[in-house]
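Student: Take a look at the letters that make up each chain.
There are 4 protein chains.
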Amino acid sequence: MKAVTWYGKHDVRVEEVPEPEVTEPTDAIVRVTLAAICGSDLHLYHDEIPGMLPGTVLGHEFVGVVESVGPAVRAFKKGDRVVGTFHIACGHCRACRRGDYHQCERGGVLGYGLAFGNLPGAQAELVRIPYADVNLRPIPAGLSDEQAIFAGDILTTAFGAVKNAGLRPGERCAVIGCGPVGIFAIQSAQVFGAAKTLAIDLIEKRLALAERLGAIPIDAGKSNPVSRVMAETGGEGADVVIEAVGGSQTLELAFDLVRGGGRISAVGVSAEETFAFPLMSSFTKAIHFHLGVANIHRDIDATLALVAAGRIDPTVIISHRLPLEEAPKGYRLFAERKATKVVLIAG
Amino acid sequence: MKAVTWYGKHDVRVEEVPEPEVTEPTDAIVRVTLAAICGSDLHLYHDEIPGMLPGTVLGHEFVGVVESVGPAVRAFKKGDRVVGTFHIACGHCRACRRGDYHQCERGGVLGYGLAFGNLPGAQAELVRIPYADVNLRPIPAGLSDEQAIFAGDILTTAFGAVKNAGLRPGERCAVIGCGPVGIFAIQSAQVFGAAKTLAIDLIEKRLALAERLGAIPIDAGKSNPVSRVMAETGGEGADVVIEAVGGSQTLELAFDLVRGGGRISAVGVSAEETFAFPLMSSFTKAIHFHLGVANIHRDIDATLALVAAGRIDPTVIISHRLPLEEAPKGYRLFAERKATKVVLIAG
Amino acid sequence: MKAVTWYGKHDVRVEEVPEPEVTEPTDAIVRVTLAAICGSDLHLYHDEIPGMLPGTVLGHEFVGVVESVGPAVRAFKKGDRVVGTFHIACGHCRACRRGDYHQCERGGVLGYGLAFGNLPGAQAELVRIPYADVNLRPIPAGLSDEQAIFAGDILTTAFGAVKNAGLRPGERCAVIGCGPVGIFAIQSAQVFGAAKTLAIDLIEKRLALAERLGAIPIDAGKSNPVSRVMAETGGEGADVVIEAVGGSQTLELAFDLVRGGGRISAVGVSAEETFAFPLMSSFTKAIHFHLGVANIHRDIDATLALVAAGRIDPTVIISHRLPLEEAPKGYRLFAERKATKVVLIAG
Amino acid sequence: MKAVTWYGKHDVRVEEVPEPEVTEPTDAIVRVTLAAICGSDLHLYHDEIPGMLPGTVLGHEFVGVVESVGPAVRAFKKGDRVVGTFHIACGHCRACRRGDYHQCERGGVLGYGLAFGNLPGAQAELVRIPYADVNLRPIPAGLSDEQAIFAGDILTTAFGAVKNAGLRPGERCAVIGCGPVGIFAIQSAQVFGAAKTLAIDLIEKRLALAERLGAIPIDAGKSNPVSRVMAETGGEGADVVIEAVGGSQTLELAFDLVRGGGRISAVGVSAEETFAFPLMSSFTKAIHFHLGVANIHRDIDATLALVAAGRIDPTVIISHRLPLEEAPKGYRLFAERKATKVVLIAG
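Chains as they are written, first to last, in our numbering: chain A, 229 to 575; chain B, 229 to 575; chain C, 229 to 575; chain D, 229 to 575.
Just so you know, the hints here were simulated from the structure itself, not pulled from any lab data.
All C-beta atoms in this analysis are idealised placements derived from N, C-alpha and C, irrespective of residue type, glycine included.
Take the hints with a grain of salt, since some may be wrong.
[Unchecked claim] Over the 10 Å line for every Cβ pair with chain D, so calculated as not near, a few chain C residues:
| # | residue |
| --- | --- |
| 1 | E295 |
| 2 | D308 |
| 3 | L371 |
| 4 | S372 |
| 5 | K391 |
| 6 | E399 |
| 7 | V419 |
| 8 | S451 |
| 9 | G475 |
| 10 | T502 |
| 11 | A504 |
| 12 | M508 |
| 13 | D529 |
| 14 | L532 |
| 15 | E554 |
[Said to hold, decoys possible] Label pairs and their computed distance ranges (CB to CB):
| # | chain 1 | residue 1 | chain 2 | residue 2 | range |
| --- | --- | --- | --- | --- | --- |
| 16 | A | P278 | D | E500 | 31 to 41 Å |
| 17 | B | I573 | A | K566 | 52 to 62 Å |
| 18 | D | G475 | A | G307 | 38 to 48 Å |
| 19 | D | E480 | A | H238 | 49 to 59 Å |
| 20 | C | Q477 | B | E500 | 15 to 25 Å |
| 21 | B | G449 | A | R565 | 57 to 67 Å |
Using the sequences plus the hints, can you model the full thing?
Tutor: Structure, rendered in structure tokens:
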């Protein structure tokens, strides 16, 4: 079958690889119809993640049709349309039992190398999904591939960030960064009942999309985002801040934007080891801070239901639709920031 | 001053009464600009509530302008536009300290007779508000009287019902009854992130309004609401049911509509002492049931923020606008179900 | 193998039956070392549950050692000591995915007849456990069979009742009924931080045990429990009431004992179809009411950890230890209320 | 009257100052019977807090008897025994209305200088308490001054830290630092249902007290606390970590001790502006982090109830009881770490 494979820095190829097979009774094989290139795939593209072997099949955002299942799979059968979660969980270790699927003791990430379970990825015609009953979801009737695909990763990441921040109806939410995750955080904030969603970015086009989705756009290049957020919140600051960029600068901004007693939820991936947490000022303000990778399994049923209900439109972020064969071009466009989001049509 | 007074069954008058005065340092006098006739006022109109003395000034839904304040009032001054809470709380008894303002040990309800604190009501030119810092809220800039008034009672009652049911984004909410409280429950369900809101009533016009607000209308006279809700929820039942009518029949329907492990929140006022709680079927289904009067103080800041943000439009329920002098006509129209909601222009 | 089998009203036998075998890849066979007779087994004993076929193997409280596992079982292997959950869940249906294991679409109860999945029970030398990864838990090192067994049913039922009531540190909890579930509710209330636990019963010996476990005993035959609870709560009523008897009388008492804004959690199994829910008085008091079967899987890891830590001692309720062969005697003693709790030594 | 006054670095005196008077209708004057020297008072003693004027009356931990009240005070009258909250809140600003009393817009800290509201302190014979209905609590019958005093500050600070971390029954809690706040965190962890409480310190005597209170002592000078916590938690790490020392070193330890998906709550006051937050490792672990000053008003009723119930014994930390006149000696002993906790007998 055809698959997108990694061979080192900026060297992504499409080549023939052996088809995956059911090797455990809980496995499913899924025929991929649509895969996406995730922001986190760019870290692989730039060769920043240790543990990648040449020839590794890439990709962890996908939808498809079940091709075959092992004898212990109960929830799915050949022909079912499914969306997969980007991280794999076993469903019954200590972490999974407490609902922390993102901390699974036997888990991993599809197409992310040895450090993440050595699982071949989904930018391919077929992909093997371990613990299929746990890691696949049926696509609600009526949803297209493009509507469903992001529930398995960045849509639910953004939704989870807002949920982890405990946003309540009537509150004011600032979102730093209006890339794909930020845009989904804006849509999620509305779903959680935000009275005001304040969208901060430097790029006009992104801010225009944020505004179209109901946010108040704040161009950080043209005005001071702290003053603007204070003005919009009666001088208090935002109840909740979602940091969707990554890195010290935007994290520090988050602490300036949040009100006393407020909550910051950071999902931007950073290449920095540490950041200078504002200890003294936060002590007086009494801040809740959440940082980290999303727990997709916890929230994916909710995001799929919201997309099916028309309350979230995930397709707004797609800028490029390419055949699987053109994946190398897709990676290049995305790395050069010429694409907002690239999806690869596999089937 | 002019005030609407009660003299017995179906005998409501407008007459001159003495102006209220600040009698405690925590009092405020508010010049009422708009008052509403509440569904609960009809119980007085029908003489169903014990403890009413002839001449009692009626009314507990109102907005106005602060006329004067006692020396201990800090949050308000003459000239401030305010909305009042229908129930009065002291703010510092044991119940209030735990946030249960609706259970205040020193509380009462404006214009509801001896059993509820003997507090003159707000369908008048002036009203005295005890513990003004606790029981008034500033009206957010830009909101009209009609937009603000229901936050002090039925809008926040409906919002609180949905909150008490713990509705989470992506869930399915059935609302039984599309009167004023039901309509506000529908709007609240959307704000809490409902993927589907299923509105049940018998009156076409109400269902049309529910549909316009985003709900799926179910005419219980034309189809079986249980089958319809099951069909809309993949055979599971609603995650949350809001009962906004009152009485055994609709309460029993709520238990038929809710899924196993689901939640019912009932705010409809009933004249029945008891109802036959379905013990055996609920045991297997493991149901959460909440019933009761709203805790306005807990949620009013959220509802005002949501109205100010344009996420809830409370004016959709107003059918009649009358001068205060025509209050008797307003009561009659409302009692005869010729009006959905009557507001009285007082200033 | 030997097993306890049902043949009709008051007709429980011990006889040879075929050994169970792994029939699904997710099955485990457990060699039972200790089984218990549950209060709910008495309903079968009295022939009150439809759907029982003569010869059905009884029992759903058990601990044992894994004898064999199907090829898809990952969490357990031959020789592991395990405790089982009384209700069986699949782990991946819609209900299980939202954490409502007690509402599993494919679930059932061991040894409870056709209406509950037709699953042979655990009062036997061997028992087959479907979805073993979901429905078994390892017994923490150092725990005896008697310490572990009730985590799979009545201990976690009681713990869950207190959790469903949302008991918070510093609150006052009344427990109606000091049978096995009530005693565990008392221990759970302490673990959830109750400042006062008020134990209500009619039997002196039970009250003495309640007192030894830290509760304030209230003999409802010698004093008015309502007055006593009011006196112990400064006239407010209990923040939380756990009803652990079943039936109208104690349910009605629960509503009299709870404070305004308080929470009632009922786990007593009732034979009555309905009860007269106090609609009018509850409306003013604004009550949360939870009723129903426990969600063991949600809480069993917590209860096992608390038993392992010595914070809960479940063995206090055991009154009789009999060999499996004497199960008929055990049922008789329990039915005649001569035993508090009977365990059957199977291995 | 006699009062403890500040004159600069290491210069604390006892001198005669004018008696306070009721100046606002919401004020109360309290005759102090017992005051304590708080760890945060040492920052004043070392002249580290800007905004102190010579002659400022110190102290914010106290109990006493109401001497007089303004006309708007409803909850207290002359003769009532009371405990005060260290921070003053108005009860009705936007922050207070949402329950964030520690973020009060009109608030301050008693005896902490111009930056904290310029409020004379409570290490004196009399103290004026603004908004008395909000900032005093009745002492439950039967409690001594020593049992009640810490509910107004460090006991409730520790309790709140555990609550902010969301500790649930059955979880494992590591407490870094066994000074007064750490000891109270250990007692609070038990009340919240911790299955294991792991107490980390370097001082044998403190660890012995921690062990006596039910914790597992870990001497960080004799063994590696990370290995010890991992061994006690099956290699996972603690579900919750309470940091009760302050500063980079112990904060960094907290991140090493916590399990993936776990929660850190830091209440140690630090003199450092920032600390190096472990961004990359926390991202994978998905950590909740809470930092900051306590919200006493939210939790003081719970802590008082728990002390009254005998579930928390706050007197275990008192090492020195001195008359008010010997306050300078008390400050010196505390600063030199010769005292764990000093209380000053004022009446």
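Student: Determine for every hint whether it applies to the structure shown.
Tutor: Hint by hint, here is what the structure shows:
1. E295: holds, 25 Å
2. D308: holds, 15 Å
3. L371: The assertion about L371(C) holds, with a minimum of 13 Å to chain D.
4. S372: holds, 17 Å
5. K391: violated, 8 Å
6. E399: violated, 8 Å
7. V419: violated, 4 Å
8. S451: The assertion about S451(C) holds, with a minimum of 21 Å to chain D.
9. G475: holds, 29 Å
10. T502: holds, 33 Å
11. A504: holds, 33 Å
12. M508: Given that every Cβ of chain D is farther than 10 Å from that of M508(C), nearest at about 30 Å, it holds.
13. D529: The claim breaks: D529(C) does not keep its Cβ more than 10 Å from every Cβ of chain D (closest is about 7 Å).
14. L532: Its Cβ does come within 10 Å of chain D, the nearest being 8 Å, so this is violated.
15. E554: It holds; E554(C) is separated from chain D by about 35 Å at its closest Cβ, greater than 10 Å.
16. P278(A) / E500(D): 31 to 41 Å: With a Cβ separation near 32 Å, P278(A) and E500(D) satisfy 31 to 41 Å, so the hint holds.
17. I573(B) / K566(A): 52 to 62 Å: holds, 60 Å
18. G475(D) / G307(A): 38 to 48 Å: Violated: the Cβ-Cβ distance is about 60 Å, outside 38 to 48 Å.
19. E480(D) / H238(A): 49 to 59 Å: violated, 36 Å
20. Q477(C) / E500(B): 15 to 25 Å: Given about 21 Å between the Cβ atoms, the range holds.
21. G449(B) / R565(A): 57 to 67 Å: holds, 58 Å
Hint compliance for this structure: hints 5, 6, 7, 13, 14, 18 and 19 are broken, all remaining hints hold.
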